[in-house]
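> First to last, the protein sequences are chains U and Y. The first sequence begins at 14 in my numbering and counts up by one. The second sequence begins at 213 in my numbering and counts up by one.
Quick caveat, the hints were computed from the structure, so don't treat them as lab data. Bear in mind the structure is a predicted one, so any value in this text is a computation, not a measurement. Where a beta carbon is used, it is the ideal one built from N, C-alpha and C, also for glycine. One should not assume that every hint holds.
Rough simulated footprint, nothing fancy, chain U against chain Y, three-plus residues with beta-carbon under 8 Å [unchecked claim]:
1) 230-236
2) 262-273
3) 326-335
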Amino acid sequence: MHTMNSDLPERDEADAEFETVLDPKVQESIGRSLKAHYDDLINAPIPDKFLVLLAQLEATERRLPTEGESDERR
Amino acid sequence: MSADDFKDGLIAEIPNLRAFAASLSGSMQLADDLVQDTLLKAWGNAEKFQPGTSLRAWLFTILRNTYYSLYRKRGREVQDSDGTYADRLATHGNQESHLDLADFRKALAKLPEEQREVLIMVGATGLSYEETAEICGVAIGTIKSRVNRARSRLAELLSIGGVDDLGPDHRITAAVQRAGPEIVNG
Chain U
14 MHTMNSDLPE
24 RDEADAEFET
34 VLDPKVQESI
44 GRSLKAHYDD
54 LINAPIPDKF
64 LVLLAQLEAT
74 ERRLPTEGES
84 DERR
Chain Y
213 MSADDFKDGL
223 IAEIPNLRAF
233 AASLSGSMQL
243 ADDLVQDTLL
253 KAWGNAEKFQ
263 PGTSLRAWLF
273 TILRNTYYSL
283 YRKRGREVQD
293 SDGTYADRLA
303 THGNQESHLD
313 LADFRKALAK
323 LPEEQREVLI
333 MVGATGLSYE
343 ETAEICGVAI
353 GTIKSRVNRA
363 RSRLAELLSI
373 GGVDDLGPDH
383 RITAAVQRAG
393 PEIVNG
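For reference, chain U alone in the conformation it holds in the complex (with noise of 0.2 Å):
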């Protein structure tokens, strides 16, 4: 769990409403459900237009003349 310093009178607040009634035992349990649910989709082989998409991205701006990498606009 992450400790806030700065974050404390609300903490407590959340705190004293929620965190009270869930056992320790059944947050585990859903911490680790969460966690197979996400790297299950993680995992999921990745469909190949997204790489082509920004092979293509790529490939418009290299064509286009860099106009200028700073910020300014005249």
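Take the given structure of chain U and dock chain Y to it, following the hints.
Frame of chain U; chain Y shown alone:
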């Protein structure tokens, strides 16, 4: 940051963006559209990204804004046809988690969006409470209470022992005990 570095950064974040988008929208198909839009916007606004800050947080902000402005309604329609996403990867190799993944996803999909998104961000993506608060544009305390509410609701939906298993609400018990003498004496 060179265009190459930026592009590599985007590529590296695609799995995370998809996972978050799927968790948020409840549909892989919407997730892919959402990721595509996010990549396009990120590329078009590359100069607004500040090197040294979290690219993930920046991209999540774009994705989330895109979702709430354009996709939310579509998401609800898709979710009506249910199941497709929750059952998609029902066979899960890693059995360490004792909750069934498909059941968990169904429960997750029932959470209000504002709870689901913060639970995912804080609990699975590696984003801090601080970054999550910034992405959502709310105070850290709000994130914390949303996370707590989300956990409690999930426990309830999954019947893995929430409030009921702990007996009477501690606060009420405490309040009754505190009030006791006064009631007697008063």
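> Please name the hints from earlier in the document that this structure breaks, with their numbers sorted from lowest to highest.
2
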